[in-house]
Every structure is written in C-alpha cells, then in structure tokens.
Amino acid sequence: MTAPLYIALRFATHRKRALFLSLVGVVFGVGIFICTQAQTQGFAQFFIDSTIGSNGALTLQARFQPRYEGMVVSAKTKGGTSQRRNYFEGITNVSEIMRVSRQFSNVIACSPVLRGSVSARAGFENTTAELFGIDPTSHLRTTDLAKQIVDGKFDDFRNNTSSVIIGNRLADLLHVGPGDAVQLLSPGGEYWRFDVAAITRSGVTAIDSARIYAHAQVAQRLLKKPYQASMIIYKLRDPGRAPTLASHFEDLFQHSAQSWQAREEGNLQIFTTLRMSVAITVSLIILLAGFGIFNVLTMSVLSKIREIAILRSMGYRRIDITAIFLWQGALIATVGSLLGCALGALMTWGVSHIPIHIRGLLYANYFLVDWDWRHYLWATILAIISVFIASYVPARRAAQLQPVDTLRGSSL
Amino acid sequence: MKGDISLSCRDIERYLGEAEERVHALRGVSLDVKAGSLHAVVGPSGCGKSTLLYILGLLDEPDAGSVQIGSTPISHLLDEELARRRNELIGFIFQFHFLMEDFTAQENVMIPMRRLGQMNEDEMRDRAAALLKGVDLGNKLNRQSRHLSGGEQQRVAIARALANDPQVILADEPTGNLDTGNSQRAFELLANIVRERAKALLLVTHNRFIADACDWVHEMKDGRIIVSHPHGERISV
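As given, the protein sequences belong to chains A and B, one line each in that order.
Here the first sequence stands for residues 7 to 418, where the numbers follow this note's numbering.
Here the second sequence stands for residues 24 to 260, where the numbers follow this note's numbering.
Check the hints yourself; a few may be wrong.
[Claimed, not checked] Below, simulated DMTMM-like cross-link-like pairs (lysine to aspartate or glutamate); rule was C-alpha separation at most 25 Å, straight line: (1) Lys153(A) with Glu136(A); (2) Lys241(A) with Asp376(A); (3) Lys231(A) with Asp201(A); (4) Lys244(B) with Glu84(B); (5) Lys22(A) with Glu43(B); (6) Lys57(B) with Asp188(B); (7) Lys244(B) with Asp411(A); (8) Lys22(A) with Glu84(B); (9) Lys244(B) with Glu43(B).
No wet-lab data here; the hints were simulated from the structure.
Note that the structure is predicted; figures quoted are calculated from it, not measured.
Can you make the complete structure from the sequences, with help from the hints?
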C-alpha cells in the first residue's frame, strides 16, 4: 500500500459522518440512475422485441424500377435530387430472393407474407383488419408468433388451412376466442368463414388490435392477389445492423427494404427522448452528490491543514498530498458505486414487481425493466467522473498549502 | 562521521511579506553545524530564528545565499527533489510535537518511513518499535498519540524525527510546551541520541538552561547572528 493511500484511508475513517454522507449521495445517485435507465430502457426494449418479434427486423416489400431522367436539365432544377423510382406491388421471384438472402451471415431466417386489408365480422361486430397470409413453418422460424399465443394452439392453425390466428385486442372487439368462427370479407364482396385457432398478444397495441394471420395460399385467394407475397420479413442475428443490410438488399434485389429502425422511427424517438430526459435528471442528482463530496473534502482539507504541513515537513511531496485527497475521492467513488450498483439492482427488481395497467402503445401488467450491464457501467463512470472533479479542487488546494505558513502560524 | 560538517549555510537573506509590510527577516546568516554537535539558536521573538530553521530544513527558500547538507549543495532544486531530501536527510521536531492525533505512536513514527519506501510493513513496524523503545515508550506503541501525555508525545516526535536516520535534526522549541522535568528529560534524550549517532542538531529555544547545555549557542537579533558562543559561555539575551 502506498503512503498516500494509507494516509487517505486513515483520514477517511477519521471523519466517519462526512464519509457516510458522501457515500449516501453517490450510492443513491448511482442506484437511481440504474433503476430509471432500467425502466425506460425496459419499455423501449419490450417495444423493440415485440415489433421485431412480430414484423421482423427487416422487411423487403415492393419491387421498384429506377426512373432515368433525360440529359436535358431545367435551369431551376437543383442538382443531387433524390433518385426517382417506379414501384410495383408484390415481390417477384420470392423463392430466389429468399434463397439468396439466406446466404447472408446476418440472416437467421426469412418468411414471405401476403398482406392486405379485410373487413372482419363475428356476430354483430364488424371491423377492419390487417390480414397476414403466412407460411406457418417459415413464419414460426422468423417471428415470435408461437411465443405470443395466449390462448389456443399454433398446431391447430398449422393443421387447418381454414383457420386463423387473431390479435387479442381484435378478438376482444369481435368477442371471439379459440373454436369460434370469424368471417372475412373478400374484395369480391363475399364473406369467407374461418375458425379461430389461437389468440396472440405481441404487446404492441397497433398489432394486437388489427392483425389476423391466415395461411398464405388461402389469403392469396381471398385477397385475389396475383403474387404470392407482398413482403418478406427477416430475422437477423444482429438487428442493430438492419439499416446497412436493408440498403444492401435494395441494391441487390431492386425491392424496397426497410429496417425496423426506420419502420419504428417515431416511437423510438419518443423512447430515446424519455431516456435522455431521465438520464439528465438523474445526472443532476449525481452532480449534487458531487457538490456534497466537494464540500466534505474541502472541509477535510481545512481540518487537516496541520497534518498536511507535518507531512510536507517529513518529505511528502505536493503530488503525495494531492494523491491523499484524490484517494479519498476514489474510495468514496468505488465504495459508493459498488453499493449504488447493488441498490440499483435491488430497486430495479423491486420496480419490476410493481403492478401497473398499461393498455396504450404497449401492453404491460408490471413495470418493464431491462437488465443491462451497460447501465451499471455508465452509472459508475458518471459517479467516478463526478467524484474526481469534486475531489480534484480540494486536493489541489491541499497541495498548494505552504507548510511554513501553517507551522509558523499562531493558531497551532 | 563525527566532526564533519553536516549542515551549513552561507549569507542567507530572506524577506517576508509583501510591499509595505515587507520585512527583512534574515540578513546574511552563515552557520556550520558539525555531526555529533548540538547547536542552539536563541534570541527575541521575531528575530528570524524559525525562519532560519525552515530554510535550513528546506521548507522555505532563501532569497539569497546557499544551504548545504553534507557535501551536497541545496539550491534551486525542484519541490519534489527538496521533499525527497527532507525525507532522507532531515528530521523535524516541533514545539507542539505535531503528531497525527488518530495514529498510534508506532504509526506516527512510521509516517516518514512510508514516504521513503525502502522497508516493508513489518520492517517499518520493527524499526518504529525499536525507536520508541529508545525513548522509553516501548510499552505504548499502540496507544493513540492523543492519549499520551505531553512529555510522551514529544518523545514520540523525537522518535519520528529519527525514523529515516537523518543526518540533521532541526528542532523548533522542542521543550517549549513541556514542564521543567519533562523538558530536561526530552533534551537529555535528544542530546544522547545526537552524540551517540553522530547527528547534527540545531534547535531554536528560549530555554536558557537547554541552550547552555548545547555545544554552541548562536544569538540572533534583527535577522543576524550577532554572536556564537562555545559550550559554557554566558548568553547575553
């Protein structure tokens, strides 16, 4: 143990109450930071998982054809205009695109979907729904549909081509459950009857209140579409790289591709804003704790002027004196961060058991939290920076004290 | 080695304060202190005794003149180097002992050794214990210094000054805060150590009997050493 560290430990334990108050500030700052980040990230992550689990991390949709412009350009036309395209509904050559897509290392699975709007009717209830015509086997590999089933069985759907899976909020609206019948209106004006095989809940209200899954071939006949699929959805190993892959797929397949980040941009911005707002608020708490530490260490320096002079007279350098007070700060930061992390984990666990009733953008019965080690890392880094700044000024001040002034002083 | 000059200064000038309050505290002070000898500096308050002591102890820098410890001239060194020399070559004893109150007697003596960094924890403890036994505090090693009597605290300070086996011991009124009996005991202890271990001792004192017992007495007035007496000669102030 170095001499400054040894003396720092002795000085710190001498002022137990001040040390305790400093620690409390850091512990609560770190703990609250972790807990609030876990909450805001929890809701955001739940939304992301749900939307990716239902709609994939990437979707390939309409085919496009670049529209080339003539060489003569109007004088008023600005250069660098965006590329114009002609879009054509549906995916052409689905099997070939899927075969090539699977060659990409980031692609885990992909599945064709035929999407269209229908009118759903059950009893006296009638509403507009979004029909997803799917291949059960490949869709199961690509999405979390099986996990999202809250009533009924996926196998009942797989084994019965005239069955459907319905989102739970839509099922509530139509007052149907597994075993009931639902009628879907085709563009030709005729109602087709389906058995409800299962009820699904993704947690995202927009999906759960509108979606109906049917077998792809049946959906194609019902919607009277000339093509097998209106989009291909992808499950990726690293969803964070979806935008890059989307751009690459557009160039490769000449179909418009959209990452989940682009698809959910609006909602993600809300979550990001919320997280930043909370992070700023909690950072202010840590900053206040830093002021507290600044005061404690400044008082410590003032109360140790005589000891500092003694140490200097015995050959301790200015840097040793600085180190003594920085070590005290480091001690507060280390112990405070460790205890704060433990408190943060405890608070996060506690919050995750608080019942709430969210039925808006998301579906949740308890506070959603995200257990992410990076929250602990950031909280610790923030605490260390804050404590270091708070410790540095008193430490420098201690080092600048002239021992002769103290030793000569009459106050001693 | 006994008889060699351990500490010397030449033509030391020192001004204190700023502008109109500026005081010429030391005016061309020169001094030689040999190993194994005891030197007392006496004089009225404000005559520059402590200022001289702090300059010789490398805690303050002279405005002019030079200081030499052993054969090494100490001038214009960086603060870090001055601190190193202070740690290795000089032991300080102050009037109010200036111990770390929350540290035990043994821990106080170990403080200079920790900075020196040449011994491990056990070696430092053993050496501190031996030094404290040498000042008759072998049975109070683990007592917090605030719980020691004034005389005991001053003996701890003496042991601490010897911790790194310095060439020079500087003492600023080391008995100024003790009663007559304790003053006598502390001084005798210090004198014995200095003579046995061939240290150079320079002490500032107002105590005529202690000054008389030193090998040399230097009388200061208005920032100058006005006269230096060998052992036994009467002091005029």
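Going through the hints against the structure:
| no. | hint | verdict |
| --- | --- | --- |
| 1 | Lys153(A) with Glu136(A) | holds, 20 Å |
| 2 | Lys241(A) with Asp376(A) | holds, 21 Å |
| 3 | Lys231(A) with Asp201(A) | holds, 22 Å |
| 4 | Lys244(B) with Glu84(B) | holds, 20 Å |
| 5 | Lys22(A) with Glu43(B) | violated, 45 Å |
| 6 | Lys57(B) with Asp188(B) | holds, 16 Å |
| 7 | Lys244(B) with Asp411(A) | holds, 22 Å |
| 8 | Lys22(A) with Glu84(B) | violated, 38 Å |
| 9 | Lys244(B) with Glu43(B) | holds, 22 Å |
Checked against the numbered hints above, the structure breaks hints 5, 8 and satisfies the rest.
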